[in-house]
Amino acid sequence: MREVAIIGIGMTEFGELWNKSFRELVAEAGIQAILDAGIEGEEIDAMYIGGMSTGRFVGQEHVGSLAVEVAGLEDLHIPATRVEAACASGGVAMHQGYLAVASGMYDIVVVGGAEKMTDVVGREATHILASAADREWEAFFGVTFPGLYALMARYHMHKYGTTQEQLAMVAVKNHYNGSLNPKAQFKRKITVEDVLKSPLVAEPLHLLDCSPITDGAAAAILAPLDLAKKYTDKIVKIKASVQACDTLSLHSRKRFDSLPAAVHAAKKAYEMAGIKPKDVDVAEVHDCFTIAEIIAIEDLGFVEKGQGGKATEEGLTSLDGEIPVNTSGGLKAKGHPVGATGVAQINELVLQLRGEAGKRQVKDAEIGLAHNVGGSGGTCVVHILEAV
Amino acid sequence: MASIVAYGAYVPKYRIKVEEIARIWGGQPKAISSGLFVFEKSVPSIDEDTATISVEAARRAVKAGKINPKEIGAIYVGSESHPYAVKPTATIVAEAIGATPELTAADYEFACKAGTAGMQNCIALVDANMIKYGMAIGADVAQAAPGDALEYTAAAGGAAFIIGKDGIAKINDTVSYTTDTPDFWRREGQPYPGHGERFTGEPAYFRHVINAAKMLMEKVGTTPSDYNYAVFHQPNGKFPLRAAKILGFEKEKIEAGLLCPYIGNTYSGSSMVGLTAVLDVAKPGDRILVVSYGSGAGSDAFDIEVTDKIEEYERQGIKQMIENKEYVDYATYMKFRREFK
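Chains A and B supply the protein sequences, listed in that same order.
Just so we're aligned, residue 1 is where the first sequence starts under our numbering, counting upward by one.
Just so we're aligned, residue 1 is where the second sequence starts under our numbering, counting upward by one.
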């Protein structure tokens, strides 16, 4: 296995991009990443593109071929593969790209993720997103994702005394971080009161506890570490890339206060990277709902199980805290174009590790961790990156 | 250019509160009210439709302006809820006010801006000396699927403007901004419109309203400070306030014409009824910017200047009409809207 580096990143602005088509988003993120890496198109050996439900959101499947066409690489006939694992599609695409380079099969690999969600109305988007749950045993009975995460929140509150205010503090923190990210969907700061006063979606989750519907795309260019030096002196190494799966349905899960796939992926990733949770300087975690971030920082070992809410309240994960979490604004404020999210997390970590994160820069960040979840925890991907 | 010689408006007296609709559908009334800046909306009675509302508004205009109806050479009724798919509302109005048979008449449809499109046609016919007076009406009994977000605002009402020469308010200029933007629609045979939710905001309402206003001000060489009043289409109370802020109009300048919080969105009537409320209080020399919006999509912008003649004009006061109201519950509202089949 070869060591793998990230030599370029690219990301569109996230938001309601009414004037940009799915194709344009893919092209924009891809071109940015190629320019950032300073590679020629002809050097690309393969592509992996995450997309959760492009077929139902915009009526476009066969996204691999689309990416080759917008990249103008049709004459090279490079292999391009669309990867799907619900909201973890981007993270799984990264994992596939990592495996392809590490194995020695390909040298330069483009990893991307894209979703255009605003072409359908809200009701339809909720229905499409529910396809990431168990259709037969969850969705058919009316369960939606806010409902599933509300169940987890209820249980966490019951078992550990986590409060609605603590949930709200996740959103407040991430909106603050989003206000420092020019590409974030929401750049406005909010208060705990704003969250608690926003309409209830699925008790105890209010509107501002939930990540939004977003259009956007992100990309990253991978290369063997040995080759990376040829392209850039701002190399970020992938120290660990781990994917873990679990039951599709929440009710079949062994635990409701944790995502066992995340615990498993994190444990293996720390082993692979040879680090401990406390060594992480900055993390991007899958805060599709505020409760998800609280569970994530516990599952990742940043705090003990049950202490996520309290730790958030005490500022552990704030921008100036011990382990800043979701410096980009997270899914909550940066936005959550489902298939792009995993790659967007990698974008943020690379910016942080290169020292290019502007006003939200974490000082001397050397090790970053990305935690990307599909569904209610059926898939989890953890990446650990290091500035070289 | 031509001018407004008379106007009249009509809003049914029945109201339903946002709380009452929210009670049925499990909405949070305070969040909805403050989110939309709408408190209640007008409800047409069981025997009211776009034709009766148009006739009411037309009669008020003819009476207030002391117009000889035989001198009205054109009547256009803009609506998205004409009672007939084939058979004009405009002929009903023409017959009711005694304008027949020597006139041209037609129905218009352009979502919520069909009425102002009729105004532009009347202006053109008057300026071309083809007619002495032209009447443009915007009226609707707006449809909304029970339980849809539109139900909180879809209201009933309308206004009629008689366009001629040397009237109470000069129309200095008018421009339109039009694109094909499918934010809101109703296909043949469908009982209720569909809409693109948040797509109806930024790329639809705001893009067209803001651009039409800017185009007009650039054409006539004005800035917001040159206007005493501004009226924007009012799909809810929030959008016109935000449009005013983006363009740089102080809130005070749009309050006189902002009726949506109290009567809801009267669709084709919306900006036109708002303009009648401004004319009810305007003084000679006052300058008014009016921008309509119709989904699909387009905006008509007008630069209007009130003349000395307004002082002799018999103003009827739409605000007084609105204050004379009676609340109905959801079941009565459903009965009035003939939703029980």
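Keep in mind that the hints are not guaranteed to be accurate.
Using 27 Å as the maximum straight-line C-alpha spacing, the simulated BS3-like pairs for lysine-lysine come out as follows [said to hold, decoys possible]:
1) A:187 to B:30
2) A:187 to B:17
3) B:13 to B:238
4) A:187 to B:283
5) B:87 to A:197
6) B:245 to A:197
7) B:30 to A:197
8) A:189 to B:13
9) A:237 to A:183
10) B:238 to A:187
11) B:238 to A:197
12) B:245 to A:189
13) A:183 to B:245
14) B:325 to B:309
15) B:238 to A:189
Taking beta-carbon pairs under 10 Å as the criterion, some of the chain B residues facing chain A (in silico) [to be verified]:
16) 24
17) 27
18) 31
19) 35
20) 194
21) 195
22) 221
23) 222
Because the hints were derived from the structure by calculation, they are not lab data.
From a predicted model like this one, the values you see are computed outputs, not experimental measurements.
Don't be surprised by glycine CBs; every beta carbon is placed ideally from N, CA and C.
Results for each hint:
no. : hint           : verdict
1   : A:187 to B:30  : holds, 25 Å
2   : A:187 to B:17  : violated, 34 Å
3   : B:13 to B:238  : holds, 23 Å
4   : A:187 to B:283 : violated, 43 Å
5   : B:87 to A:197  : violated, 50 Å
6   : B:245 to A:197 : holds, 25 Å
7   : B:30 to A:197  : holds, 10 Å
8   : A:189 to B:13  : violated, 43 Å
9   : A:237 to A:183 : holds, 24 Å
10  : B:238 to A:187 : holds, 21 Å
11  : B:238 to A:197 : holds, 19 Å
12  : B:245 to A:189 : holds, 21 Å
13  : A:183 to B:245 : holds, 25 Å
14  : B:325 to B:309 : violated, 31 Å
15  : B:238 to A:189 : holds, 21 Å
16  : 24             : violated, 17 Å
17  : 27             : holds, 8 Å
18  : 31             : holds, 5 Å
19  : 35             : holds, 9 Å
20  : 194            : holds, 8 Å
21  : 195            : holds, 8 Å
22  : 221            : violated, 30 Å
23  : 222            : violated, 29 Å
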